[in-house]
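Trainee: What follows is the residue order along each chain.
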Amino acid sequence: MHKFHRRMIETTPAVALLILCCLAIAACTPTVRVESPKEPITINLNIKLDADIRVKLEEEAKQDIKANPDVF
Amino acid sequence: MLHISGVIDSKLLLKIISIALLALSLCVMPAWADNLEQLRASGAIGESLTGYVVARNPSAQAAANAINAKRRAIYQQKAAEQGVSPEEVGKVYALEIFKTLPAGTWVQKSNGQWIQK
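Top line first, the protein sequences correspond to chains A and B. Residue 510 is where the first sequence starts when you use the numbering used here, and the numbers rise one by one after that. Residue -16 is where the second sequence starts when you use the numbering used here, and the numbers rise one by one after that.
Calculated cross-link-like contacts (lysine to any residue; reagent style SDA-like; alpha-carbon spacing at most 20 angstroms): (1) A:Lys565 / B:Lys82; (2) A:Lys571 / A:Asp561; (3) B:Lys92 / B:Ala24; (4) A:Lys571 / B:Ser68; (5) B:Lys82 / B:Leu19; (6) A:Lys565 / B:Pro69; (7) B:Lys53 / A:Asp573; (8) B:Lys92 / A:Pro549; (9) B:Lys82 / B:Thr33; (10) B:Lys100 / B:Thr83; (11) B:Lys92 / B:Ala38; (12) B:Lys82 / A:Glu568; (13) A:Lys557 / B:Ser68; (14) B:Lys82 / B:Lys92; (15) A:Lys575 / B:Thr88; (16) A:Lys571 / B:Glu79.
None of these hints come from the bench; they were simulated from the model.
Full structure from sequences and hints, please.
Mentor: Written out as structure tokens, the structure is:
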């Protein structure tokens, strides 16, 4: 009985260390995340302008954007 | 002069402290001190497809208002010149702006949904 208790006490630190190591390995296991590819984004501006006015405004927009980086 | 330690006298120490405080205060300046490029890159401001910016961070609201005021003036002027609505002008500009935006910039669609370019 005494011998058994003694062995238990002697092996306890080793067992504790083993359990700790198992926990550490479990904690370090890399998590794998699976992300589905994003759906393509649809943008519908629905611009209602005559084609010639729209083209003119697009040209002016490009110039304004380039000339005013603090605004656009 | 009072010597606090044998190495640094109080005058120099005061100088060091004031420079440190100045440097620290620069780091906590509000978002309006950043330019539009920085605000968009940090996500504090996003672009709406109406042609205006939207503050995503409350600290950038003042900057957003200032930018939108300038844009509104431009859109209204162009609209008057062409005889169209400023809203349509805004949409044209929004598309051109969108093309220039770096990847990752937050963009708000017409339905209110936020996406990143």
